[in-house]
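Visitor: Each chain, written out:
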Amino acid sequence: MRAARSSLPRTIAAHAVLLTYTLIALFPVFVVVVNAFKNRRAIFNEPLALPNAETFSMIGFETVTSQGNFLLYFQNSMIVTVASLICVLLFGAMAAFALSEYRFKGNTLMGLYLALGIMIPIRLGTVAILQMMVASGLVNTLTALILVYTAQGLPLAIFILSEFMRTVSDDLKNAGRIDGLSEYKIFFRLVLPLVRPALATVAVFTMIPIWNDLWFPLILAPGESTKTVTLGAQMFIGQFVTNWNAVLAALSLAIVPVLVLYLIFSRQLIRGITSGAVK
Amino acid sequence: MTALRLENVTKAFGGTQVLHGIDLTVEDGEFVIFVGPSGCGKSTLLRIIAGLEDASGGKVFIGDQLVNATPPAKRGIAMVFQTYALYPHLSVKDNMALGLKQAGTPAAEIEARVGKASSMLSLDQYLKRRPAELSGGQRQRVAIGRAIVREPTLFLFDEPLSNLDAALRVNTRLEIARLHRELSATMVYVTHDQVEAMTLADKIVVLNGGRIEQVGSPMELYNKPANMFVAGFIGSPQMNFLPADTSGQGGATTIGVRPEHLSISTEAGDWAGRLVHIEHLGADTNLYLETKASGLITARVFGEVHHAPGTELFASAEPRHLYRFDAEGRTIAAV
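First to last, the protein sequences are chains A and B.
The first sequence finishes on residue 279 if you use full-length UniProt numbering, and the numbering steps up by one all the way, no holes.
The second sequence finishes on residue 335 if you use full-length UniProt numbering, and the numbering steps up by one all the way, no holes.
Rather than coming from a laboratory, the hints here were simulated on the basis of the structure.
Given the structure is predicted, the values throughout are model-derived calculations rather than measurements.
From the three backbone atoms N, C-alpha and C, an ideal C-beta is built for every residue, glycine too.
Treat the hints with caution; some may be incorrect.
Short, incomplete list of chain A residues facing chain B, as computed with Cβ under 7 Å [claimed, not checked]: (1) Ala4; (2) Ser6; (3) Leu8; (4) Thr167; (5) Asp171; (6) Ala175; (7) Arg177; (8) Asp179; (9) Gly180; (10) Leu192.
Straight line, CA to CA, 25 Å or less: simulated SDA-like cross-link-like pairs of lysine to any residue [stated by the list, open to error]: (11) B/Lys101 - A/Phe74; (12) B/Lys128 - B/Asn163; (13) A/Lys105 - B/Asn68.
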């Protein structure tokens, strides 16, 4: 039987392409995780083999947990990521709401100015940022990282969210105004729930570069008490000797929190209660 | 008592003048409808009355109060929107109650008012549902209910029937007419649909290009249009406009005749033309004649009439149903 909208060869081809891509994307992660559970010799002899009874070893994880302050690094990374994320989403959404909702002089110019950061990488300003942080005494604090990451995340957040907020029905906001809701309540109670899928998208795009960043922790907060996970993992990479077990174990552990956060947001991506607001 | 008074209200967006000095008085209990083509400023005017938009000039009085600087929630108005604009995350009941809660109304009274409105609109069984679980007609009834519970001095409707299908539109229209009678409330209603305007209004305000063309009862506008715009806008199919010299009408440059006031004959009449198209609507028939002298003429005759396209036909008008317009498009009073 032939169906109008599907054919077996086409389905197979589509799935083949998707599976290939999935394999390519997951392969590095697979290698990292697999080798984290092997002893040093097995890593180099057969990097692609699964750990077996002979090669299985938790030495990497043991090194990570015994040496250094990995729990603290994790905590630092979490604090920086979550706090930056909250700042980016809150302030980004508020700015986006103002840009899309209110008519004022210089609206377009302000929008362009806020989106400029998408085109200019924040790392270009590293020297100036470092000077500012030194001047304000914020070097070696998590606050410094949170501030920088908030600045880094805002342009894209404002750009994406203001586009989405333009699609929220004016009638709905006006109905809220007539019912006596304040502008803040309209923003938090009516508009934010409706752009939740967009918020989740922005959250994912903001969160992953922050979690993975090595540059700013290295420059602004290299102190022992403020190290993040990515920076912490570097101590196992030496100029002459690298403790691969420990590096791979640290990286495997670093995947977990970001995976959890991603899963939370992707549920939001799929859900979304936009239907039924307006026709 | 006057429910609403507008004095020389103007509105400009940037350099574009949208409203050019609107003066209007709405009496208590009146059903007033703003009609006009899209872009005529009718929705802007309604939004200015609601307080969702600031007037660039002029005064708005609701009751006896000057409300130019009053926020929407404090104007004693309620508004029903074209897109329903229900709060998606709230149940039907909470949708209706939200405005009262914001105003600090006691819970018992909220309960009573919501109950009354929902039974009036037969929404009792849907009170716990979310808007997403309702049909279009039900959603619009909830939106109307949300307006009723506020017990406003002025109801504002912004094209409330545009998103409904034809059958629901008639039902909801009847519902709004019934509500107007039962609540004896003052209502201001915006539409581009002249059928809604003719069937619901006590008073129609015809707007064009940011100016009021004419204010009057539906039959006044139909029988005594002030100018060519109103004559053409009210009535369907549209009035025929013919150059006056072709039919020997002195003093007027254009004469107008409504399609329903034309009679069709195969032998003789005022205008001869070839039938280009015929529409059978059951109760009546629309005929489109291409005349040499005056272009396309529409005639609407009652009952079923059969003519093959291409036939030569004659249309004649009853003289008492002829409208005469001067060069500026103003109506010349009957001689």
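Visitor: For every hint, state whether the structure bears it out.
Guide: Here is how each hint holds up against the structure:
1. For A/Ala4, the interface hint is violated, the least distance from its beta-carbon to any beta-carbon of chain B being 29 Å, above 7 Å.
2. The restraint placing A/Ser6 at the interface with chain B is violated, with a minimum CB-CB distance near 30 Å, outside the 7 Å limit.
3. Hint status for A/Leu8 relative to chain B: violated, with the closest Cβ pair at about 37 Å, above 7 Å.
4. Taking 7 Å as the C-beta contact cut-off toward chain B, the hint placing A/Thr167 at the interface is violated, the least distance being around 12 Å.
5. Checking A/Asp171 against chain B by beta carbon gives a least distance of about 4 Å; that is within 7 Å, so the hint holds.
6. For the restraint placing A/Ala175 at the interface with chain B, the shortest Cβ-Cβ distance is roughly 4 Å, inside the 7 Å limit, so the hint holds.
7. Using the Cβ-Cβ criterion of 7 Å, the hint placing A/Arg177 at the interface with chain B is satisfied: the shortest such distance is roughly 5 Å.
8. Given the 7 Å rule on beta carbons, the hint for A/Asp179 holds: about 4 Å separates it from the nearest Cβ of chain B.
9. For A/Gly180, the shortest C-beta to C-beta distance to chain B is roughly 3 Å, which falls under 7 Å, so the interface hint holds.
10. Checking A/Leu192 against chain B by beta carbon gives a least distance of about 11 Å; that is not within 7 Å, so the hint is violated.
11. For the hint linking B/Lys101 to A/Phe74, the alpha-carbon distance of about 45 Å lies beyond 25 Å, and the restraint is violated.
12. Simply put, B/Lys128 and B/Asn163 have alpha-carbon atoms about 24 Å apart, close enough for the 25 Å limit, and the pair holds.
13. With a C-alpha separation of about 22 Å, the suggested pairing of A/Lys105 with B/Asn68 holds against the 25 Å cut-off.
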